[in-house]
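Protein chains in written order, with numbering that gives the first Met the number 0: chain A, 0 to 220; chain B, 0 to 220; chain C, 0 to 332; chain D, 0 to 332.
Among these hints, one or two may not hold up.
[As the list claims (entries may be wrong)] Computed list of lysine-lysine pairs in DSS-like fashion (alpha-carbon distance at most 27 Å, straight line):
(1) K85/A with K278/C
(2) K184/B with K201/D
(3) K278/C with K229/D
(4) K201/C with K181/A
(5) K229/D with K1/C
(6) K229/D with K229/C
[Stated by the list, open to error] So the derived list for chain D, only partly shown, Cβ under 7 Å to chain C, looks like this:
(7) A14
(8) L191
(9) K229
(10) A231
Source of the hints: derived by calculation from the structure; they are not laboratory data. All residues carry an ideal CB built from backbone N, CA and C; glycine is no exception.
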Amino acid sequence: MNMVTIDKVKDWLFALSDIYSENREYLTELDSAIGDADHGINLDRGFSAVRAEIEKMSSGGVQGAAGQSPDSFSSLFKTVSMTLIKTVGGASGALLGTFFLRISQAVKSEKEMDGRELVSLFEKGVEGIKMRGHAEEGDKTMLDTWLPALRAMGDAASSGGSTGEILSAGLKSAEAGMNATKDMKALKGRASYLGERSIGHLDPGAVSSCLMIKAASEILR
Amino acid sequence: MNMVTIDKVKDWLFALSDIYSENREYLTELDSAIGDADHGINLDRGFSAVRAEIEKMSSGGVQGAAGQSPDSFSSLFKTVSMTLIKTVGGASGALLGTFFLRISQAVKSEKEMDGRELVSLFEKGVEGIKMRGHAEEGDKTMLDTWLPALRAMGDAASSGGSTGEILSAGLKSAEAGMNATKDMKALKGRASYLGERSIGHLDPGAVSSCLMIKAASEILR
Amino acid sequence: MKKLINLPGLVVSEALHGMQAAHPDLLKVFFDPNYIIRADAPLKGKTAVVSGGGSGHEPMHGGFVGRGMLHAACPGDVFTSPTPDQILAAVKAVDGGAGVLNIVKNYSGDVMNFEMAAELASDEGIKTESVVINDDVAVKDSLYTQGRRGVGATVLAEKICGAASERGYDLKKTAGICRAVNESSRSMGMALTSCTVPAAGKPTFQISENEMEIGIGIHGEPGRERLPLKKASEITGMMMDAVTSDLPYKKGDRVILMLNGMGGTPLIELYLLYGEVYKIAKSKGILISRKLIGNYITSLEMQGFSITLLKADDEMLGLWDDPVLTPALRWGI
Amino acid sequence: MKKLINLPGLVVSEALHGMQAAHPDLLKVFFDPNYIIRADAPLKGKTAVVSGGGSGHEPMHGGFVGRGMLHAACPGDVFTSPTPDQILAAVKAVDGGAGVLNIVKNYSGDVMNFEMAAELASDEGIKTESVVINDDVAVKDSLYTQGRRGVGATVLAEKICGAASERGYDLKKTAGICRAVNESSRSMGMALTSCTVPAAGKPTFQISENEMEIGIGIHGEPGRERLPLKKASEITGMMMDAVTSDLPYKKGDRVILMLNGMGGTPLIELYLLYGEVYKIAKSKGILISRKLIGNYITSLEMQGFSITLLKADDEMLGLWDDPVLTPALRWGI
Ligand SMILES: Nc1ncnc2c1ncn2[C@@H]1O[C@H](COP(=O)(O)OP(=O)(O)O)[C@@H](O)[C@H]1O
Ligand SMILES: Nc1ncnc2c1ncn2[C@@H]1O[C@H](COP(=O)(O)OP(=O)(O)O)[C@@H](O)[C@H]1O
Ligand SMILES: [Mg+2]
Ligand SMILES: [Mg+2]
Ligand SMILES: [Mg+2]
Ligand SMILES: [Mg+2]
Numbered sequence: 000m001n002m003v004t005i006d007k008v009k010d011w012l013f014a015l016s017d018i019y020s021e022n023r024e025y026l027t028e029l030d031s032a033i034g035d036a037d038h039g040i041n042l043d044r045g046f047s048a049v050r051a052e053i054e055k056m057s058s059g060g061v062q063g064a065a066g067q068s069p070d071s072f073s074s075l076f077k078t079v080s081m082t083l084i085k086t087v088g089g090a091s092g093a094l095l096g097t098f099f100l101r102i103s104q105a106v107k108s109e110k111e112m113d114g115r116e117l118v119s120l121f122e123k124g125v126e127g128i129k130m131r132g133h134a135e136e137g138d139k140t141m142l143d144t145w146l147p148a149l150r151a152m153g154d155a156a157s158s159g160g161s162t163g164e165i166l167s168a169g170l171k172s173a174e175a176g177m178n179a180t181k182d183m184k185a186l187k188g189r190a191s192y193l194g195e196r197s198i199g200h201l202d203p204g205a206v207s208s209c210l211m212i213k214a215a216s217e218i219l220r
Numbered sequence: 000m001n002m003v004t005i006d007k008v009k010d011w012l013f014a015l016s017d018i019y020s021e022n023r024e025y026l027t028e029l030d031s032a033i034g035d036a037d038h039g040i041n042l043d044r045g046f047s048a049v050r051a052e053i054e055k056m057s058s059g060g061v062q063g064a065a066g067q068s069p070d071s072f073s074s075l076f077k078t079v080s081m082t083l084i085k086t087v088g089g090a091s092g093a094l095l096g097t098f099f100l101r102i103s104q105a106v107k108s109e110k111e112m113d114g115r116e117l118v119s120l121f122e123k124g125v126e127g128i129k130m131r132g133h134a135e136e137g138d139k140t141m142l143d144t145w146l147p148a149l150r151a152m153g154d155a156a157s158s159g160g161s162t163g164e165i166l167s168a169g170l171k172s173a174e175a176g177m178n179a180t181k182d183m184k185a186l187k188g189r190a191s192y193l194g195e196r197s198i199g200h201l202d203p204g205a206v207s208s209c210l211m212i213k214a215a216s217e218i219l220r
Numbered sequence: 000m001k002k003l004i005n006l007p008g009l010v011v012s013e014a015l016h017g018m019q020a021a022h023p024d025l026l027k028v029f030f031d032p033n034y035i036i037r038a039d040a041p042l043k044g045k046t047a048v049v050s051g052g053g054s055g056h057e058p059m060h061g062g063f064v065g066r067g068m069l070h071a072a073c074p075g076d077v078f079t080s081p082t083p084d085q086i087l088a089a090v091k092a093v094d095g096g097a098g099v100l101n102i103v104k105n106y107s108g109d110v111m112n113f114e115m116a117a118e119l120a121s122d123e124g125i126k127t128e129s130v131v132i133n134d135d136v137a138v139k140d141s142l143y144t145q146g147r148r149g150v151g152a153t154v155l156a157e158k159i160c161g162a163a164s165e166r167g168y169d170l171k172k173t174a175g176i177c178r179a180v181n182e183s184s185r186s187m188g189m190a191l192t193s194c195t196v197p198a199a200g201k202p203t204f205q206i207s208e209n210e211m212e213i214g215i216g217i218h219g220e221p222g223r224e225r226l227p228l229k230k231a232s233e234i235t236g237m238m239m240d241a242v243t244s245d246l247p248y249k250k251g252d253r254v255i256l257m258l259n260g261m262g263g264t265p266l267i268e269l270y271l272l273y274g275e276v277y278k279i280a281k282s283k284g285i286l287i288s289r290k291l292i293g294n295y296i297t298s299l300e301m302q303g304f305s306i307t308l309l310k311a312d313d314e315m316l317g318l319w320d321d322p323v324l325t326p327a328l329r330w331g332i
Numbered sequence: 000m001k002k003l004i005n006l007p008g009l010v011v012s013e014a015l016h017g018m019q020a021a022h023p024d025l026l027k028v029f030f031d032p033n034y035i036i037r038a039d040a041p042l043k044g045k046t047a048v049v050s051g052g053g054s055g056h057e058p059m060h061g062g063f064v065g066r067g068m069l070h071a072a073c074p075g076d077v078f079t080s081p082t083p084d085q086i087l088a089a090v091k092a093v094d095g096g097a098g099v100l101n102i103v104k105n106y107s108g109d110v111m112n113f114e115m116a117a118e119l120a121s122d123e124g125i126k127t128e129s130v131v132i133n134d135d136v137a138v139k140d141s142l143y144t145q146g147r148r149g150v151g152a153t154v155l156a157e158k159i160c161g162a163a164s165e166r167g168y169d170l171k172k173t174a175g176i177c178r179a180v181n182e183s184s185r186s187m188g189m190a191l192t193s194c195t196v197p198a199a200g201k202p203t204f205q206i207s208e209n210e211m212e213i214g215i216g217i218h219g220e221p222g223r224e225r226l227p228l229k230k231a232s233e234i235t236g237m238m239m240d241a242v243t244s245d246l247p248y249k250k251g252d253r254v255i256l257m258l259n260g261m262g263g264t265p266l267i268e269l270y271l272l273y274g275e276v277y278k279i280a281k282s283k284g285i286l287i288s289r290k291l292i293g294n295y296i297t298s299l300e301m302q303g304f305s306i307t308l309l310k311a312d313d314e315m316l317g318l319w320d321d322p323v324l325t326p327a328l329r330w331g332i
């Protein structure tokens, strides 16, 4: 099984910074339809800060936001979490911050992990999202991307798939889950205030989470 | 010489009420270009009130705004003046109110006058406009319509023209004067604040005064 | 996008610099993280009252920091909840030992970020209580979702809790009156135009010349329904019906009323609307005891308005009347 | 046209009804002719201070009627000067025997209508003095025309003269301080968007997404020039240069500054602009001693702002600080 190295994870995080910058307008436009037109702006701000923070840490000696060296998964994820919490704001800041915080607390390996551990970390992270936001599948949130994706990843992992296979399976279900948010009525998040009028639009957080999984499937494989 | 009767004058005033109502948008648009977009609204409001006031007076027994019977020129013009002063507001309210006030003070005939007297009344009225507004010819105001018109009317009157001829001559010069305001830089009135930018637009008051003279030339002849 | 700004990304911090320059007597502004505190904070032994939320709703919240109202405000990015570290810093700066009341509007982001901040504060030994404001009757089916939005009642709660703190109410009692204010407040908003988030650069929604959005929130989000534009009397009628049919009141009850402009509504229209509101309240037997008419909780340059009614008891009215001296609300001083 | 109104022709009178309903403790509104007076007017032996002008500039003037400021205001139709009978009625209603100061903005219509009213008042044995405000430096060549427009300084003059009357200044002295205020005040305005006169139904001027009008007045009339939209810092720089190069001041002088929104400008932008103004004033050695930031003299829903500087002496500052209690300006009470 291909290993997920700390360098790959950094590449993934850097890629996210590019991806959210490129999709800043698209995500913001999705948020205009059923929210407050800031989702792309929030993620772009947050992940640029993540990039800057990691670069600062990596340029030798300088300590990350969490005051730790960047050379272990736990300190890297802690830094990502703290940076997102401090710079994103809004619902996604709290949720993604919690996601990476839980991952940083759960990670056991230091510089390399296998696909199975990665899936279990995503599971812990998503538990954090659920705990923080009290949302469930079907509420038209980022969970509608994450939960089906996790189930597919879990299945692929237990049937012995490679890291690449695990992530590809996850992406497929993530995309289906994301697309399914279009016909849902939002029950959590800002869009829930619209009631019926939220139907017919993709959930911006579901889309941004899908982009995150897509990048993972391309880079962490 | 055809006589100007009190009924013709009432017809003229009623016609003005129609004309300013029809030209309400046009005059307001002219005022948008170099003023505050209310000239047509002001005149429409004022002359509708004049119509209502005259109708009230004429419907027997009821007294006009000035507390006088409507059956003499002086009381009729006084009523027009008071009504305009009370309902128009702005520069044109003060100026046209003063115009008709001066006429009501100067008129000698009771129910009929000749063309010469009409011209002398217009002269008194316009003196009132000058006194009130301290403007001169060339300042890009209603005076640029009235002053050339008065000169032409005076000439026609002293060379023995009929009432119709007098008014037609007046209208011709009024139109030329009005058109000349287009290339003038405003020195009085709201448009004067624009400096050079007032050039290239007709003065709304010059246009509304020309409409007044045009109606006179058609009705008072 | 037409805005009087330098760069979209700098709007919030530059406006905060302006506030600091404008009101050094009333407040102190801190940057990175951004928060605003009363110039004389912390007040020893007094319950501190803190609020915060996205920027773009000015004067809320920064304009309500000062004597008799907020001890601190945490302005997030435009329409984006503040972050936990920001809230924590503000809480720490104003805690006078008697604990801190956080007044939070009911949006997932605000609730979660304040929750995280409260956890951090408690780690540092600071007592906090949070009251979540949810007065917006425009939200339907609120039983099955995360509930209603917090809107206009926030302003009234901030004034009343600020006065309560000034009077020496302890944390529990201040939180109690905050909850009571929230429970007897109802609001509803509408918009004629959208607003433009500076960083987004274009209007959040499109709306044609003869349409209006009824039941909007304060973030340019779509409302309950889009309808043909109606007369002021009809719009006010619809909104007052929605608000009063949900407000637990009986004839003769006194209310504090806020007729709030969304930022781009001229005052002449707000007064015209107040004339309509007044007639309707009278016909329903509601006594408008106190009122605010103006821009208090806005959505950038949006045209529109909201109505908030708070059925007030003697205690609330007394606290309302207590002196207040902030950039945006001032009386008795 | 998107407005919260019933009928274009009713806007002014309905808004006045709303004002009456909102502030019965502060003012009384009369109709046909329309005017607003202090609830406790006439004040025996006190110089009465009256102002007026077109509507659409709210809160000016009606919002400044009350203790320590105007005794009466005469609102004309939207952007249309009030009529002489209207002004006369207001003057008669507030004259307390000590005469009446009319504060008039320098527009032909206002000047002439107030002049006619003064003639009528004098016929009725009422002493009046008129001071014409003309602080707008945007007007070029003012020597050869009817001069400059009256804009922001009007608000400052109304506050200071209201306080002067309260202190017992006689008519001559009140008029004197009014003239002094006018002489040491300068203003300049700009707009991002046009406004729409309700009865006209469409915007007074067209302006594209990347343009601004510099040197506008308060009636949606075109300004000194149309320029490409610039950054807030550059716009503020241009405007402060225009104002200060005309203001007779020297380093270290104190000013009362008004940073005024045109009606549709969000407060977050006004504070951002204040940050720029503050830096510039500082660099020029001008001391901002007192300030107003908000919507005080507006053009309906126009987006834009104006800056007014009044070089103030001790007397003016003292009068400024005196208590005031009106719908739109309140302190010390
Ligand atoms: N309670 C929640 N649980 C899970 N996801 C949520 C919750 N609330 C909001 N979200 C997600 O957050 C996204 C919005 O994020 P963002 O626009 O950045 O924040 P905000 O809604 O505060 O403006 C939504 O599209 C949704 O996917
Ligand atoms: N001082 C003046 N003398 C003569 N005419 C004037 C003067 N000031 C303004 N006017 C005329 O009044 C017209 C504007 O009238 P109107 O728009 O009704 O009033 P306002 O300018 O007060 O809005 C101008 O077009 C001009 O012809
Ligand atoms: Mg959002
Ligand atoms: Mg005009
Ligand atoms: Mg947001
Ligand atoms: Mg006018």
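Violations among the numbered hints: Checked against the structure, the hints that fail are numbers 1, 3, 6, 9, while the rest are satisfied.
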